[in-house]
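Start from the sequences and build out the full structure, keeping to the hints where you can.
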Amino acid sequence: MPMSVTVSNLPAAVSSAAGHSRPVGATTEPRWVRAVLIGVAVAFLGLFLLVPLLAVFVQAFEKGAPAFFRALWDPDSRSAVGLTLLTAAVTVPLSTIFGLVAAWAIGKFHFRGKNVLLTLIDLPFSVSPVIAGLIFVLIFSGTHGWLGPSLEHWGIKIIFAVPGIIIVTMFVTAPFVARELIPLMQAQGTEEEEAARVLGASGWQTFWRVTLPNVKWALLYGIILCNARAMGEFGAVSVVSGHIRGRTNTMPLHVECLYNGSGADSGPAAAFAVASLLAVLAMLTLVLKSYLEWKTARQLARAGDCPDSRPNESGTVALETTGRRDATEEKSP
Amino acid sequence: MAISLTRRSVLPGFGLTMGFTLLYLSFLVLIPLGGLFVAAAAGSWEEFAEAVTSPRALASYRLTFGAALIGATVNAVFGFVVAWVLVRYSFPGRKILDAIVDLPFALPTAVSGIALTVVYGESGWLGRWLEPLGIQVVNAPLGVMVALTFIGLPFVVRTLQPALEDLDPEIEEAAASLGASRWQAFWRVIFPTVLPALLTGFALAFARALGEYGSVIFIAGTSQSTEITSLLMMIKILEPDLVGATAIAVTMLLASFVLLLLINVLQWWSRRYA
Numbered sequence: 001m002p003m004s005v006t007v008s009n010l011p012a013a014v015s016s017a018a019g020h021s022r023p024v025g026a027t028t029e030p031r032w033v034r035a036v037l038i039g040v041a042v043a044f045l046g047l048f049l050l051v052p053l054l055a056v057f058v059q060a061f062e063k064g065a066p067a068f069f070r071a072l073w074d075p076d077s078r079s080a081v082g083l084t085l086l087t088a089a090v091t092v093p094l095s096t097i098f099g100l101v102a103a104w105a106i107g108k109f110h111f112r113g114k115n116v117l118l119t120l121i122d123l124p125f126s127v128s129p130v131i132a133g134l135i136f137v138l139i140f141s142g143t144h145g146w147l148g149p150s151l152e153h154w155g156i157k158i159i160f161a162v163p164g165i166i167i168v169t170m171f172v173t174a175p176f177v178a179r180e181l182i183p184l185m186q187a188q189g190t191e192e193e194e195a196a197r198v199l200g201a202s203g204w205q206t207f208w209r210v211t212l213p214n215v216k217w218a219l220l221y222g223i224i225l226c227n228a229r230a231m232g233e234f235g236a237v238s239v240v241s242g243h244i245r246g247r248t249n250t251m252p253l254h255v256e257c258l259y260n261g262s263g264a265d266s267g268p269a270a271a272f273a274v275a276s277l278l279a280v281l282a283m284l285t286l287v288l289k290s291y292l293e294w295k296t297a298r299q300l301a302r303a304g305d306c307p308d309s310r311p312n313e314s315g316t317v318a319l320e321t322t323g324r325r326d327a328t329e330e331k332s333p
Numbered sequence: 001m002a003i004s005l006t007r008r009s010v011l012p013g014f015g016l017t018m019g020f021t022l023l024y025l026s027f028l029v030l031i032p033l034g035g036l037f038v039a040a041a042a043g044s045w046e047e048f049a050e051a052v053t054s055p056r057a058l059a060s061y062r063l064t065f066g067a068a069l070i071g072a073t074v075n076a077v078f079g080f081v082v083a084w085v086l087v088r089y090s091f092p093g094r095k096i097l098d099a100i101v102d103l104p105f106a107l108p109t110a111v112s113g114i115a116l117t118v119v120y121g122e123s124g125w126l127g128r129w130l131e132p133l134g135i136q137v138v139n140a141p142l143g144v145m146v147a148l149t150f151i152g153l154p155f156v157v158r159t160l161q162p163a164l165e166d167l168d169p170e171i172e173e174a175a176a177s178l179g180a181s182r183w184q185a186f187w188r189v190i191f192p193t194v195l196p197a198l199l200t201g202f203a204l205a206f207a208r209a210l211g212e213y214g215s216v217i218f219i220a221g222t223s224q225s226t227e228i229t230s231l232l233m234m235i236k237i238l239e240p241d242l243v244g245a246t247a248i249a250v251t252m253l254l255a256s257f258v259l260l261l262l263i264n265v266l267q268w269w270s271r272r273y274a
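First to last, the protein sequences are chains A and B.
Residue numbers for the first sequence follow my numbering, so the first one is 1 and each next one is one higher.
Residue numbers for the second sequence follow my numbering, so the first one is 1 and each next one is one higher.
Each hint should be verified, as a subset may be incorrect.
[Said to hold, decoys possible] Simulated crosslink set (DMTMM-like; lysine to aspartate or glutamate; CA at most 25 Å straight-line):
#	chain 1	residue 1	chain 2	residue 2
1	A	216	B	98
2	B	95	A	194
3	A	295	B	166
4	A	295	B	98
5	A	63	B	122
6	A	295	B	165
7	A	289	B	98
8	B	95	A	293
9	A	216	A	191
10	A	157	B	239
11	A	289	B	166
12	B	95	B	166
Source of the hints: derived by calculation from the structure; they are not laboratory data.
In structure tokens form, the structure reads like this:
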């Protein structure tokens, strides 16, 4: 590719104006167009995303710091935090195990119907949260469900109780880890694992010492997104919880209860106090996500550099990084 | 590739992991979802048709689909600008801007909902400027559109970014060297190349908006004119009118499956022509 070589050899002053190593002049916009576009993007994201985020914290402290802490220390708030932590503590490991197992089966083996299975794994993403709640009400509701009445006969309550909250959260979080791991494990191929097996490692050793270290950043990425959803899910949990304060209210549900003002110590300020905890969680998630994206991009680039690796069959866009393309171009003169 | 496509593998555990995957998916996703269709089929056709086509349900579809369409369109326009700026230009704060795009994914929808309601309320930071202009957002259909735009934005930006990054600079250079203006190069060369990705992002944002609940209900309020389909289903579940809720749920689920199919076709198209 002689063209790109000449362009990248242009004086540094020219190429630095556009950032990266992109050629400028004929293939970029005039300075004023760039300024206007950046202005529009900043204004749009600022007004639409940053202003609401900021509002959460300002509203949380509207009645002063003592009221803020009083709202958080309220027994119902503490119980909501506890239930949210419990839900995440149960569902995140389960979704992680499912993701790892599914990624091993799909990423390391060839079989028919793989695309159908991938679609099924993604299914919870395309089901509305309210519908996700409804399907479990139809099964487990004590009065109308198929299994509910007999379970209740044995003293097991699922809807309007903690197990229901955990089951719907399992449903909505199921795809998170799997969909991060599958494309990466497909791209990495099986050569390293085969080498480990040939050298005498057991299947378990191969997984722990070869596969897992190769995907650790993507795994962490998936777990973090899964956790954010597990702690933040609202619609699906709302259907099955019954909103019993102090018992079946997770943090997002408690935010709703406080905001709608049912109770002595509630009102918007208290709702925003609890919401601010969730907003901090969201910001932490974003920071970790950006860091891990940088890490996984490097891991993917390395997977692409490996001369024996097969191209990614699912055609995931994330794989097509410039680093990888450059590497393949160098190899084919 | 054919050489490495061996049926037998030296790696162990296929049966076990595949079995577990199928079992987990069946019990958690497939059987419960299938149950919804069984429940819908168990009722009478008249009941089903009445629930799905009642004036209240029809009004909720109009609002939900209309607001989702407008939200996705706003996102397609501004999301394109955002993705373009993030991929092509370097400026202070670009990394932060890039990270903040995912906020609607990361922020629990209930928190987004109350935050938007306060910001666009009569005395809110943005609402107080809109109020004198006679623009009411909270407790109005416009609020539904605002919330659906908020939650759909990441889909458009994150689908467009890789497509813009993958653009080969050489085709733009070729266009320029053949005498195309920058505007012509954009409309005739760049835009058609990333159009499939833009449409995919649009469809993803639209699909997400159809099922959205948490971020909408606070800003939309409880009047009939702002009742989205998700809220109508929720009301029917609490009544409890499970037959009606199930009928509407099946209808919405089928709509989102059709969209999913469309998105897959779009992605296939974008892989083929991008």
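Quick rundown of the hints versus the structure:
1. 216/A with 98/B: Holds, because 23 Å separates the two Cα atoms, which is no more than 25 Å.
2. 95/B with 194/A: violated (39 Å)
3. 295/A with 166/B: The hint holds at about 20 Å.
4. 295/A with 98/B: holds (16 Å)
5. 63/A with 122/B: holds (19 Å)
6. 295/A with 165/B: holds (18 Å)
7. 289/A with 98/B: holds (11 Å)
8. 95/B with 293/A: Judged against 25 Å, a Cα distance of about 12 Å means the pair holds.
9. 216/A with 191/A: holds (18 Å)
10. 157/A with 239/B: This hinted pair holds, its Cα atoms lying about 20 Å apart.
11. 289/A with 166/B: Holds, at roughly 22 Å.
12. 95/B with 166/B: holds (19 Å)
Consistency with the previously given hints fails for number 2 only.
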